[in-house]
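K.L.:
In case you want the letters, here they are:
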Amino acid sequence: MVRQLGEETVILDLASGTYFGLDPVGTSIWQLMESGKTLREVCDSMMKDYEVSREDIERDVLTLATNLRERGLIETA
Amino acid sequence: MPCPRHSQGFSFNRSSAPTALKSADPTPHVQFRLGEARRQVAPRAPLLRDWTLAGNMPWAQIYRTHDGYLLRFADLADFEISCDAGVVQSWPAPGVPFVDIEHLFLNQVLPLALSKRGRLVFHASAVEIDGVAVAFMAESGRGKSTLAASFATSGSRFLTDNGLFVETAHGETTVLPGHPSIRLWADSEGALVQAPARKAPPLGFSSKSRFLTGDQIAYCDTPRRLERILFLGAGEINAVTIEEVPRAVAFVELARHSFLLDAKAPEVLASHFDGISRLARLPICFRLDFPRRFEELPAVREAIVACLASRS
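Chains as they are written, first to last, in my numbering: chain L, 1 to 77; chain H, 1 to 312.
Worth flagging that the hints you see were computed from the coordinates, not collected in a lab. The model shown is predicted, which means the values in this text are computed figures rather than measured ones. From the three backbone atoms N, C-alpha and C, an ideal C-beta is built for every residue, glycine too. Any given hint could turn out to be false.
What the hints assert, rightly or not - Some chain L residues close to chain H (C-beta under 8 Å, calculated; not the full set):
| id | residue |
| --- | --- |
| 1 | M1 |
| 2 | L5 |
| 3 | G6 |
| 4 | E8 |
| 5 | V10 |
| 6 | L12 |
| 7 | L14 |
| 8 | G17 |
| 9 | F20 |
| 10 | G21 |
Claimed, not checked - Covered by chain L, according to a simulated footprint, are these stretches of chain H (three or more residues, beta-carbon under 8 Å):
| id | segment |
| --- | --- |
| 11 | 136-145 |
| 12 | 211-223 |
| 13 | 244-256 |
Kindly produce the complete structure, drawing on both the sequences and the hints.
P.N.:
And the structure:
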């Protein structure tokens with residue numbers, strides 16, 4: 001279950017009963033992934049909104065995606 | 001046998017029922033039963049979780065039984081909660097008086113049982129200011145009861161001292177009145193209450209005094225719209241401060257201070273998550289901190305009233 005609280009997001013994993021929080025950047029990444037974008041497309045979108053290097057964007061997106069997948073909150077297609 | 005009912009939705013099955021219960025909801029949500037005293041033996045059920053207080057002090061254990069839950073307060077009482085939390089059967093330990101059982105049920109067991117029945121309950125006190133509810137939320141020892149008593153002895157009324165029952169209906173969030181008593185340590189009692197004051201019989205496991213409502217301590221027995229939730233800081237500060245908290249921070253604090261019997265029950269957890277999220281989205285959550293000196297309480301009350309007045 002996912003609920004947005006202002007610029008941040010809280011995710012409840014019902015299976016484990018654990019809450020996860022996403023800061024505003026994490027929320028943006030999550031929303032892009034939720035809309036069906038590939039990780040490459042997520043990075044492309046993030047590049048338009050954030051003035052950081054492509055390398056930094058890719059690292060942050062991949063780190064978040066890996067964390068979410070390890071916790072069973074997302075699945076890779 | 002008459003069953004006195006409480007505004008928070010339970011009934012007692014005992015002839016000499018506790019005093020000061022008000023009749024409100026005609027349908028009891030949780031039925032309480034008092035059993036005979038019995039020795040506590042090791043439960044044949046898996047431990048769901050340990051319940052600890054501030055400082056990791058052991059308080060109780062919750063077990064998952066084949067037909068519900070067992071809540072054990074060591075050397076005090078066992079409470080068997082039915083699977084749907086509609087019935088609570090208590091078994092006092094030998095020598096434990098009913099006043100202790102009643103207190104444990106009202107302040108600890110009932111909030112957990114109601115959480116299993118989809119109600120939102122928090123470890124918080126609340127007062128009525130200008131016709132609306134202001135809640136004080138924190139772990140034990142941070143001053144929730146002292147703040148409530150400070151208002152209740154200064155022209156306002158308190159709604160609850162320990163269990164904060166929150167309901168949302170038709171777009172409005174309200175606080176239900178709790179048990180009409182406030183528990184205070186001796187130093188707060190000395191600062192706020194003038195003798196003689198109406199007291200309930202003392203508890204065997206706590207040295208706090210329980211003050212009943214009366215001339216000195218004013219009580220609000222009607223639900224009030226919730227307008228402020230104030231999370232109490234640690235008091236390591238020189239002046240009163242009140243700051244709005246971000247919604248995500250509010251969510252964490254609300255989750256921390258909520259009663260939840262079974263975090264493994266998906267439907268209950270989902271409902272709990274929804275309820276806390278809804279509350280966290282409201283522009284009513286603030287952090288209050290102040291020096292823990294009794295002479296500061298008038299200034300604290302003033303700051304809280306000003307914070308309330310700032311609402312749009």
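K.L.:
Now tell me, hint by hint, if it's right for this structure.
P.N.:
For each hint, the structure was consulted:
Contact between M1 of chain L and chain H, as hinted, is supported at the beta carbon level, the nearest pair being about 6 Å apart and thus within 8 Å. The beta carbon of L5 of chain L comes within 4 Å of a beta carbon in chain H, closer than 8 Å, and the hint placing it at the interface holds. This hint holds: G6 of chain L has a C-beta 4 Å from the nearest C-beta of chain H, less than the 8 Å allowed. Taking 8 Å as the C-beta cut-off, the interface hint given for E8 of chain L holds, the closest approach to chain H being about 4 Å.
Proximity of V10 of chain L to chain H holds as hinted, the smallest CB-CB distance being about 5 Å (cut-off 8 Å). Given hint, L12 of chain L at the interface with chain H, holds; its Cβ is 5 Å from that chain's nearest Cβ, closer than 8 Å. Taking 8 Å as the C-beta contact cut-off toward chain H, the hint placing L14 of chain L at the interface holds, the least distance being around 5 Å. The interface hint given for G17 of chain L holds, since its Cβ lies 4 Å from the closest Cβ of chain H, which is under the 8 Å cut-off.
For F20 of chain L, the suggested interface contact is broken, since its CB lies about 11 Å from the closest CB of chain H, more than 8 Å. The interface hint given for G21 of chain L is met, as the beta carbon of that residue sits about 6 Å from the closest beta carbon of chain H, less than 8 Å. For the segment 136-145 of chain H, the stated coverage by chain L is not satisfied: 0 residues place a CB nearer than 8 Å to a CB of that chain, which falls below the threshold of 3. Proximity of the segment 211-223 of chain H to chain L, defined as three or more residues with a beta carbon under 8 Å from a beta carbon of that chain, is not established by the 0 residues found.
Here's how the segment 244-256 of chain H fares: 7 of its residues keep a CB closer than 8 Å to some CB of chain L, so the rule of at least three is met and the hint holds.
In summary, the numbered hints that this structure violates are 9, 11, 12.
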